[in-house]
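Student: Residue-level listing of the chains:
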Amino acid sequence: MSERILTEVISANPAMIRKQFPLLDQQVNGNPLIYFDNAATTQKPVQVIDAIDGYYRGYNANIHRGIHTLAEKATDAFEQTRSVVRSFMNASSMEEVIFTYGTTDSINLVAQSFGRKFLEAGDEVIISEMEHHSNIVPWQMVCAERGARLKIIPVNDAGELIMDHFDQLLSPRTKLVSIVHVSNSLGTINPVAEIIRKAHLAGARVLIDGAQAAAHLPLDVQELDCDFYAFSSHKMFGPTGVGILYGKKDILNEMPPYRGGGEMIREVTFEKTTYNDLPFKFEAGTPNIADVIGFRTALEFILEISKPLILQHERALLAHAHERLSKIEGLRIIGTAREKLGVVSFIIEDLHAFDIGMLLDAAGIAIRTGHHCTQPLMKRFGIEGTARISFSVYNTFEEIDFLTERLLKIIKIKRR
Amino acid sequence: MSDKSINRIQDEIIEEFSILGNDMESIVFYIMELGDKLELLEDKFKVDSNLIKGCQSKVWLNAEVEDHKLILNADSNTDITRGLISLLVRTLSGQSLDDIIHADLYFIEKIGMNKVIGSQRSNGLTAMIKQIKLYALAYKTKLQQQT
Chain D
1 MSERILTEVI SANPAMIRKQ FPLLDQQVNG NPLIYFDNAA TTQKPVQVID AIDGYYRGYN
61 ANIHRGIHTL AEKATDAFEQ TRSVVRSFMN ASSMEEVIFT YGTTDSINLV AQSFGRKFLE
121 AGDEVIISEM EHHSNIVPWQ MVCAERGARL KIIPVNDAGE LIMDHFDQLL SPRTKLVSIV
181 HVSNSLGTIN PVAEIIRKAH LAGARVLIDG AQAAAHLPLD VQELDCDFYA FSSHKMFGPT
241 GVGILYGKKD ILNEMPPYRG GGEMIREVTF EKTTYNDLPF KFEAGTPNIA DVIGFRTALE
301 FILEISKPLI LQHERALLAH AHERLSKIEG LRIIGTAREK LGVVSFIIED LHAFDIGMLL
361 DAAGIAIRTG HHCTQPLMKR FGIEGTARIS FSVYNTFEEI DFLTERLLKI IKIKRR
Chain L
1001 MSDKSINRIQ DEIIEEFSIL GNDMESIVFY IMELGDKLEL LEDKFKVDSN LIKGCQSKVW
1061 LNAEVEDHKL ILNADSNTDI TRGLISLLVR TLSGQSLDDI IHADLYFIEK IGMNKVIGSQ
1121 RSNGLTAMIK QIKLYALAYK TKLQQQT
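Protein chains in written order, with this note's numbering: chain D, 1 to 416; chain L, 1001 to 1147.
These are computed hints drawn from the structure, not numbers from a lab. By construction, the Cβ of each residue, glycine as well, lies at the ideal position given by its N, Cα and C atoms. Keep in mind that the hints are not guaranteed to be accurate.
[Said to hold, decoys possible] Listed next, with one range per pair, are the computed distances between beta-carbon atoms:
| hint | chain 1 | residue 1 | chain 2 | residue 2 | range |
| --- | --- | --- | --- | --- | --- |
| 1 | L | Tyr1106 | D | Glu398 | 36 to 46 Å |
| 2 | D | Arg65 | L | Lys1115 | 46 to 56 Å |
| 3 | L | Asp1043 | D | Phe397 | 37 to 47 Å |
| 4 | L | Ser1005 | D | Ala158 | 56 to 66 Å |
| 5 | L | Asn1022 | D | Thr69 | 46 to 56 Å |
| 6 | D | Arg415 | L | Asn1022 | 22 to 32 Å |
| 7 | D | Leu303 | L | Lys1110 | 35 to 45 Å |
| 8 | D | Glu349 | L | Ile1014 | 32 to 42 Å |
| 9 | D | Gln47 | L | Asp1043 | 55 to 65 Å |
| 10 | D | Lys412 | L | Asn1077 | 13 to 23 Å |
| 11 | D | Ala158 | L | Asp1043 | 31 to 41 Å |
| 12 | D | Ala316 | L | Arg1008 | 56 to 66 Å |
[As the list claims (entries may be wrong)] The calculated lysine to aspartate or glutamate pairs, modelled on DMTMM-like cross-linking and capped at a C-alpha distance of 25 Å, are:
| hint | chain 1 | residue 1 | chain 2 | residue 2 |
| --- | --- | --- | --- | --- |
| 13 | D | Lys249 | D | Glu267 |
| 14 | D | Lys73 | D | Asp50 |
| 15 | D | Lys414 | L | Glu1033 |
| 16 | D | Lys412 | L | Asp1104 |
| 17 | L | Lys1115 | D | Asp37 |
| 18 | D | Lys412 | L | Asp1023 |
| 19 | D | Lys414 | L | Asp1036 |
| 20 | L | Lys1069 | L | Asp1104 |
| 21 | D | Lys409 | L | Asp1023 |
| 22 | D | Lys414 | L | Asp1043 |
| 23 | D | Lys379 | L | Asp1043 |
| 24 | D | Lys248 | D | Asp76 |
| 25 | L | Lys1130 | L | Asp1048 |
| 26 | L | Lys1110 | L | Glu1016 |
| 27 | L | Lys1130 | L | Glu1042 |
| 28 | D | Lys249 | D | Glu283 |
| 29 | L | Lys1058 | L | Glu1042 |
| 30 | L | Lys1044 | D | Asp25 |
| 31 | D | Lys414 | D | Asp401 |
| 32 | L | Lys1046 | D | Glu384 |
| 33 | L | Lys1133 | L | Asp1003 |
| 34 | L | Lys1115 | D | Asp25 |
| 35 | L | Lys1004 | L | Asp1043 |
| 36 | D | Lys198 | D | Asp250 |
| 37 | L | Lys1037 | D | Asp350 |
| 38 | D | Lys409 | L | Glu1033 |
| 39 | L | Lys1046 | D | Glu349 |
| 40 | D | Lys414 | L | Asp1023 |
Chain D on its own, in the form it takes in the complex (with noise of 0.2 Å):
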């Protein structure tokens, strides 16, 4: 299809993009399904489903060591996940793409291998105010094992990074920064690359938390240049249980292993074991082969409508968003980011988020309310959580209509 086309598709007749998914095709309390929760996960095209269903019927099998057909063919459709992620997001090579189970997961091999490893008494991580819990939790661990320090960027009140205040933080203790490249909770892009840049001039090593950046931005962890990039397969159309960890190999060689077992072993006896190279040191025990193998058809997904024009559908779609919501008197977008993606996240005078959600639960839609695990945010914007709602490529402008209309529905039966 040509790019004007699919352009077309998406915007104008997004039944064609939809009836990929099954699952949007139903009703909910009544209502046709309108899913706004896509910063939490997406839903997944017919492909990945189909992929996940062809494994188990026709070629499932233990990878990697065993010599038979089926173990083969198991073996070649997971290693060819490993080279789509590769070329995704461009890293040199397959060494440098390790599986894990989730964005979180990724963090934490980070956190318990190079950070134990490399961490010592006085060092600091850098992160910042909008962290995910995912990036809070996983340093705080480490650090108090280590005698280090965490320093905190803050964020402004339209919700970005105050950079200068990163700039004061970074110091020849700096060890390592970890930042969010899209906040889940109010959709801000952050300058990545100016960080990255910085933090090396420093000395330090970077990792970005792109859970909530790698369906829709631009991905080049060459150009980034940054040391890790953490993501996950449910968050772009891909199943559960998988995640990506991107890591520079000279790094990755210099870490440990942090789980033992199967797989990540070269031999082992009772005094000594060696361990198997990249990126297999890294992925003890049978691996999450069904959903990764799934996966490899939800990036194909993406590469097909191809990027940019899901990210300009997506644009498209928080710029009406933005319009339709914040005419609504009572209402206040929390982040108001001048690089931001499609995450709105609000709150409503006189209701709380919760029963915002409850209510447009009862309507058919589905958004998501709460702190979205980022407590310190939540308390810097002075709120307990806010309504959020997050759009995906099959979402469309009628279902932001009819998403005010309700939340005026709501707001006037609350004031009578």
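Please build the complex by placing chain L on the supplied structure of chain D, with the hints as guidance.
Tutor: Leaving out everything else, chain L in the frame of chain D:
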């Protein structure tokens, strides 16, 4: 003080909800409305010792005993939860300690609350009922020791 039995109140609630039918929006709005009618809890009772903390909503529950009857006052920071606890207060507040201890709150299932609030939050409601029964049992034990 309630002069109706727990079961009679439950049956009334079931009847009220049956009028709403299956329209989820009407049900949720109705629960919210019920919350508006719940007597406000004085701030002095909104203390941590009275707090039942869920993931998103907080509930403060204060229980006192008067003439062998349990008097409940409760509040929440969310409208829907306030509506749900108003149903518990309506059913159980003013009832005798023994009746509360032995109460079978069938109305929750009958009005389809699991479907409305989901099983996880339903567990929260169950925990609240358990807490109320524990208060009743504790007061009963205390009164028995005094006599």
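Student: Indicate, hint by hint, whether the structure satisfies it.
Tutor: Each hint, compared with the structure:
Against the hinted window of 36 to 46 Å, the Cβ-Cβ separation of Tyr1106(L) and Glu398(D) comes to about 42 Å, which satisfies the hint. Checked against the hint of 46 to 56 Å, the C-beta distance between Arg65(D) and Lys1115(L) comes to roughly 48 Å, which is consistent with it. Between Asp1043(L) and Phe397(D) the C-beta distance comes to about 45 Å, which sits within the given range of 37 to 47 Å. Between Ser1005(L) and Ala158(D), the C-beta spacing of about 58 Å keeps the proposed range 56 to 66 Å intact.
At about 53 Å, the CB distance of Asn1022(L) to Thr69(D) agrees with the hint of 46 to 56 Å. Between Arg415(D) and Asn1022(L), the C-beta spacing of about 27 Å keeps the proposed range 22 to 32 Å intact. In this structure the supplied range 35 to 45 Å is violated for Leu303(D) paired with Lys1110(L), their Cβ-Cβ distance being about 52 Å. Checking the proposed 32 to 42 Å range against Glu349(D) and Ile1014(L) shows it holds: the Cβ atoms sit about 35 Å from each other.
Restraint check, Gln47(D) to Asp1043(L): a C-beta distance of roughly 57 Å satisfies the suggested window 55 to 65 Å. At roughly 22 Å, the beta-carbon separation of Lys412(D) and Asn1077(L) lies within the given 13 to 23 Å, and the hint holds. Remark: the range hint 31 to 41 Å for Ala158(D) to Asp1043(L) is upheld by a beta-carbon distance near 35 Å. For Ala316(D) and Arg1008(L), the Cβ-Cβ distance of about 57 Å falls inside the hinted range of 56 to 66 Å, so the restraint holds.
A distance of roughly 22 Å separates the Cα atoms of Lys249(D) and Glu267(D); the hinted pair therefore holds under the 25 Å criterion. Among the hinted pairs, Lys73(D) with Asp50(D) is consistent with the structure: their alpha-carbon atoms are about 17 Å apart, no more than 25 Å. Restraint check for Lys414(D) and Glu1033(L): the C-alpha separation of about 9 Å stays at or below 25 Å, so the hint holds. Under the criterion of a C-alpha separation no larger than 25 Å, the hint pairing Lys412(D) with Asp1104(L) is inconsistent with the structure, at around 37 Å.
For the hint linking Lys1115(L) to Asp37(D), the alpha-carbon distance of about 20 Å falls within 25 Å, and the restraint holds. For the suggested pair Lys412(D) and Asp1023(L), the alpha carbons sit about 19 Å apart, so the restraint of at most 25 Å is met. The suggested pairing of Lys414(D) with Asp1036(L) holds, with an alpha-carbon distance near 10 Å, which does not exceed 25 Å. With a C-alpha separation of about 17 Å, the suggested pair Lys1069(L) and Asp1104(L) falls inside the 25 Å cut-off, and the hint holds.
Of the pairs offered as hints, the one joining Lys409(D) and Asp1023(L) holds, with about 16 Å between alpha carbons and a cut-off of 25 Å not exceeded. In summary, the hint linking Lys414(D) to Asp1043(L) is supported, as the alpha carbons are separated by about 23 Å, within the 25 Å threshold. Proposed proximity of Lys379(D) and Asp1043(L) is supported: the alpha carbons are some 23 Å apart, at most 25 Å. Straight-line distance between C-alpha atoms of Lys248(D) and Asp76(D) comes to about 24 Å, which keeps the hinted pair within the 25 Å bound.
At most 25 Å may separate the alpha-carbon atoms for a hinted pair to count; Lys1130(L) and Asp1048(L) meet this at roughly 18 Å. Under the criterion of a C-alpha separation no larger than 25 Å, the hint pairing Lys1110(L) with Glu1016(L) is consistent with the structure, at around 11 Å. About 23 Å separates the Cα atoms of Lys1130(L) and Glu1042(L), which keeps this hinted pair within 25 Å; it holds. Note on Lys249(D) and Glu283(D): the hinted pairing holds, with a Cα-Cα distance of about 15 Å set against a maximum of 25 Å.
Simply put, Lys1058(L) and Glu1042(L) have alpha-carbon atoms about 15 Å apart, close enough for the 25 Å limit, and the pair holds. For the hint linking Lys1044(L) to Asp25(D), the alpha-carbon distance of about 50 Å lies beyond 25 Å, and the restraint is violated. For a cut-off of 25 Å, the pair hint linking Lys414(D) to Asp401(D) stands: about 20 Å separates their Cα positions. Between the alpha carbons of Lys1046(L) and Glu384(D) the distance comes to roughly 17 Å, so the proposed pair stays at or under 25 Å and holds.
With a C-alpha separation of about 19 Å, the suggested pairing of Lys1133(L) with Asp1003(L) holds against the 25 Å cut-off. A distance of roughly 20 Å separates the Cα atoms of Lys1115(L) and Asp25(D); the hinted pair therefore holds under the 25 Å criterion. Of the supplied pair hints, the one linking Lys1004(L) and Asp1043(L) is violated, its CA atoms being roughly 29 Å apart against a limit of 25 Å. A hinted pair counts as satisfied when its Cα atoms are at most 25 Å apart, and Lys198(D) with Asp250(D) qualifies at roughly 20 Å.
Pair hint Lys1037(L) plus Asp350(D) holds up; C-alpha atoms about 16 Å apart against a cutoff of 25 Å. The straight-line distance between the Cα atoms of Lys409(D) and Glu1033(L) is roughly 15 Å, inside the 25 Å bound, and the hint therefore holds. With a C-alpha separation of about 22 Å, the suggested pair Lys1046(L) and Glu349(D) falls inside the 25 Å cut-off, and the hint holds. A hinted pair counts as satisfied when its Cα atoms are at most 25 Å apart, and Lys414(D) with Asp1023(L) qualifies at roughly 18 Å.
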